[in-house]
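Asker: Next come the chains, spelled out residue by residue.
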Amino acid sequence: MPDPRFKVLTSASTSGPGDAGRTGSWRVERPIIDYSRCTPARTGKPSCHLCWLYCPDNVVSKSIEPTIDLEYCKGCGICAEECPVNAIAMVAEEEFPAGGKNEP
Amino acid sequence: MQQEPSRMIQIRWHGRGGQGAITAAKVVAEASFNTGFGGVAMAPTFGTERRGAPVCTSLKIAKGKIYDLSPIVSPNIVVVLDHLILNEVDVTAGLQPGGLLVINSPNPVETHALPDFRVAVANVTKLGIEAGLRKGIVNSGIIGVLGRASGLVDLDTLAACIAEEFRDRKPDENVRAARMSYAATQIHEPTPGGPDA
Amino acid sequence: MNHKMIESGNVAAALAVRLAGAEVIAAYPITPQTPLTEKLSQMITRGEMDAEYVAVESEHSALAVCIGAASAGSRSFTATSSNGLLYMSEQLHWAAGARLPMVMCVVNRGVGAPWSVWNDHQDAISQRDAGWIQVFAKDHQEIVDMTLKAFRLAELTHIPVMVNYDGYYLSHTYMPFELPDAADVKAFLPPYEYLHTLDPERPESLNTVTLPDARHDVNGVKRGGYMDIRHNLHEEMRLAMEVWEEIDADFQRRFGRGGAPIFDLYQCDDAEFVVVAMGTLANQFRDVVDRLRHEGIKAGVLSLQMYRPFPSSHIANLLQSAKGVMVFEKGLSYGNQGALFADLKSALYPFPARPTLHNFITGLGGREIRTEDLYQAVKTSCEPGNQSSPEQTDTPQWIGLQL
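Chains C, Z and R supply the protein sequences, listed in that same order.
If you're matching positions, the first sequence starts at 0 in numbering that gives the first Met the number 0 and goes up one per residue.
If you're matching positions, the second sequence starts at 0 in numbering that gives the first Met the number 0 and goes up one per residue.
If you're matching positions, the third sequence starts at 0 in numbering that gives the first Met the number 0 and goes up one per residue.
Just chain C, same shape as in the assembly (with noise of 0.2 Å):
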C-alpha cells in the first residue's frame, strides 16, 4: 500500500449510472425492450444479459425483466445492436411526447 504521504490520484471512479453526468437528455432515440422476446424475461432465468454487459453507462439492470435508467441512458443504441433476439427497439423521442427525456 502507498505511504500516507501519498494520494496517488488516478483515474479511478466507481463505475455506475451518472459517471459522466445526468446523460438522459442526450438522448435522441429511446430503448424499448420487448419482453416477449427479451431471453430472460421469457425464460425467467438470469441468462444473456448482454444489454446490461455492453451498456457504456451502467444503465441496464441485470434482473430477469432488464430496465434502463432514462434519467443516465443516453440513447447511444449499443443495448439494441448486442441484443442477440434483436428484442430491443430504437424508438425516436417524439414518440413520447407526453413526459420529459426522463419520463416513459
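Keep in mind that the hints were calculated from the coordinates and are not lab data.
Even for Gly, the Cβ is constructed at its ideal location relative to N, Cα and C.
Just to be clear, a hint being listed does not mean it is correct.
Listed next, the in silico PhoX-like pairs over lysine-lysine satisfying Cα-Cα at most 20 Å (straight line) [unchecked claim]:
{"hint": "1", "chain 1": "R", "residue 1": "Lys3", "chain 2": "Z", "residue 2": "Lys64"}
{"hint": "2", "chain 1": "R", "residue 1": "Lys297", "chain 2": "R", "residue 2": "Lys322"}
{"hint": "3", "chain 1": "Z", "residue 1": "Lys62", "chain 2": "R", "residue 2": "Lys3"}
{"hint": "4", "chain 1": "Z", "residue 1": "Lys169", "chain 2": "Z", "residue 2": "Lys134"}
Derived Cβ-Cβ restraints for the label pairs, each shown as a range [what the hints assert, rightly or not]:
{"hint": "5", "chain 1": "R", "residue 1": "Asn335", "chain 2": "Z", "residue 2": "Gly17", "range": "44 to 50 Å"}
{"hint": "6", "chain 1": "R", "residue 1": "Val208", "chain 2": "Z", "residue 2": "Arg168", "range": "57 to 63 Å"}
{"hint": "7", "chain 1": "R", "residue 1": "Ala352", "chain 2": "Z", "residue 2": "Asn33", "range": "50 to 56 Å"}
{"hint": "8", "chain 1": "R", "residue 1": "Arg256", "chain 2": "Z", "residue 2": "Pro96", "range": "39 to 45 Å"}
{"hint": "9", "chain 1": "R", "residue 1": "Glu244", "chain 2": "Z", "residue 2": "Arg168", "range": "45 to 51 Å"}
Since chain C is already given, all that's left is putting chains Z and R on it; use the hints.
Answerer: Frame of chain C, contents of chains Z and R only:
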C-alpha cells in the same frame, strides 16, 4: 583509498570463441577471491564472440575493491590458449616489462622466448587428452600453467575451483589436466637487463 | 546468513528479482539484457523461483503484461535495453500515469541507428520524462541492493522504478557481491498491494478518457482531471526522493550497506573541483581523483545514483561553492547538450556563486573510455584561467572522437 594500479594484477586472456577462456578466467577469479583478494573483475570482450574467432577476456585482481572497469591497457600477465593466435594477434601489446606470457603450445619454450618477458609454456592440448578430456579442452589445463608460473594462487585452491566449475563436466579429468600441465610447465626467464643487454 | 558469490551483473539482477519475490516476469530478450531474463526463465522452469514467466513477442507486450499483472495485484518485473526500451515507450507513460508499482531493469545500451549493442546511457536518458523513477547502479552489489529497494520504493510511492546498469561493463562482467538472506528481504519488503487492484466485486472505471476539468463521480466524490493527476505525479515524484532516503536508511540498518541513496561522494568534503557522472563511469573517476589529489588538486567525484526525480536542491547545495564542476555523460539531448549537464546547470542557476561548468560526452556506443583521457580532461578543466565563455560552457566537449 584506492590501491595503486601497480598493485593490481591484470591478466589478459587470448583464446578462440568456444575455447573456454572466459570459464578459465572465472575459475582464476574465484580462486583469487577465495584466497583473500577482495577485488576481482572479469570482463569478456564485449559483444561479438563467434566460435573460432580470436577473443579476449580481462581479469583484474586486487586486495581491495576494483572501481575502474575499463579494459586492461598494460597487463602483468597474458595467457594464450592457442599458440596459433600468436600469428594473428599482437598478444604482448602493452605487457609490462618482465611480465609473464603463458602459452599453450606443442613447441618447446625456447621457440617462444622473448627478451622482455617471462614465458611459460606447456603442451596443454596433448596433456588434456592424456588426462582423459576430449581433444581441444584446454581451459582447465592452462590454469595449471598460469598457477605454476605466476604463483598467484596455490595449485590445490585452483584444483578445488576447477572441480567446482566443472562439476557436471568431467571434474576429475579437468583437475588432472591442470595438475599435469602444472608439472609440465617450462619457463624461460627474460634476458637480464632487457633486450639490449 | 549472507551469500557471497562471483557472478555477472545480469545474474546478480536476476537473483535480486527472485529475492524480491516478483510474481510475474514478462520480458523480451535483447542484448545485453538477455542473460538476465534467461536466468529468471531458467529458475522459474526449474522450480527454483515461484513466479509466472510470460514469454511475449515484443517489449511493448512485455510491459503491457506487467501493467496487467500489477493491476491484478501481482509484483511484476521486466527488463530491457536500448531500442527495446523505446519500443515500450508508450506503455512506460501508461504505467506511470496509472501509478502502477513495478520495477524494470534497463541494461543500458546505445540506441540505433546505426545498430550498436554496446553501452551508453541514451536509452534511459531519452525516457527520462516518462514519469518513471530512474536510479543508476555502478557495481554488482548496487544492482542487488537497488533492485530490492526499488520494489519497496515503487510500492510505497505507486510510481514505477527503472534500475539502470551499464551494459557489458556490469551486465557481462563477473564481480563479487553478497546476497542477503531471503527471510530478511521478506521482512524488508512487505507484500505487494496496489491501491486499485482489479476486483470483480468492486468494479472501477480506470484510466478512461479523463476530462480536462475535475468532476464529481456517481458517489459525489470529486475526481481530478488529467492535469490534476499529472500534477500529483510530479509532486509525488519529488516526494519520492525523501522516501528513497528513508528506504535506504532502513536497508542500511537491516543489511549494513547503503548510506548513499541520492549520490555517492568520493573525496568531495573539501573538493574545489567536482566531477559528476552516473553508473560505472563515476567509479572510473576514483583513480583519476586519487592522481589529481596526489598532484595537489582538490578534486572529488559525485556519482549520481538517482536521476529522476532529479535531486536539484541536494546537488545544488553541495556544488554551489565548488570552483569547477565537470559533468561527464554517455548520452545527450541532441541539438542541445548533455541532458544531465542541462539539469545540473538549471539546478545551480538560483545560486549567486555558482561554479564554472564543463560538459563532456564520452563512451557513446561502447567507444573505449580511457582513464588517461578522463584524467587529462579533468586536469585541463581544473587549470586556473580555464574559465569557459558562456558559449563554451554550453558546448559539450567530446572525448575520444576518431573523426
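Asker: Evaluate each hint against the coordinates.
Answerer: To see whether the hints hold, each was checked on the structure:
1. Lys3/R x Lys64/Z: 14 Å, holds
2. Lys297/R x Lys322/R: With Cα atoms ~10 Å apart, Lys297/R and Lys322/R stay inside 20 Å; holds.
3. Lys62/Z x Lys3/R: At roughly 16 Å apart (the allowed maximum being 20 Å), Lys3/R and Lys62/Z satisfy the hint.
4. Lys169/Z x Lys134/Z: The given pair, whose Cα atoms are some 13 Å apart, holds under the 20 Å limit.
5. Asn335/R x Gly17/Z: 44 to 50 Å: 45 Å, holds
6. Val208/R x Arg168/Z: 57 to 63 Å: Distance hint for Val208/R, Arg168/Z holds at roughly 59 Å.
7. Ala352/R x Asn33/Z: 50 to 56 Å: Distance hint for Ala352/R, Asn33/Z holds at roughly 52 Å.
8. Arg256/R x Pro96/Z: 39 to 45 Å: At 40 Å between Cβs, range holds.
9. Glu244/R x Arg168/Z: 45 to 51 Å: 47 Å, holds
Consistency with the previously given hints is maintained throughout, with no hint failing.
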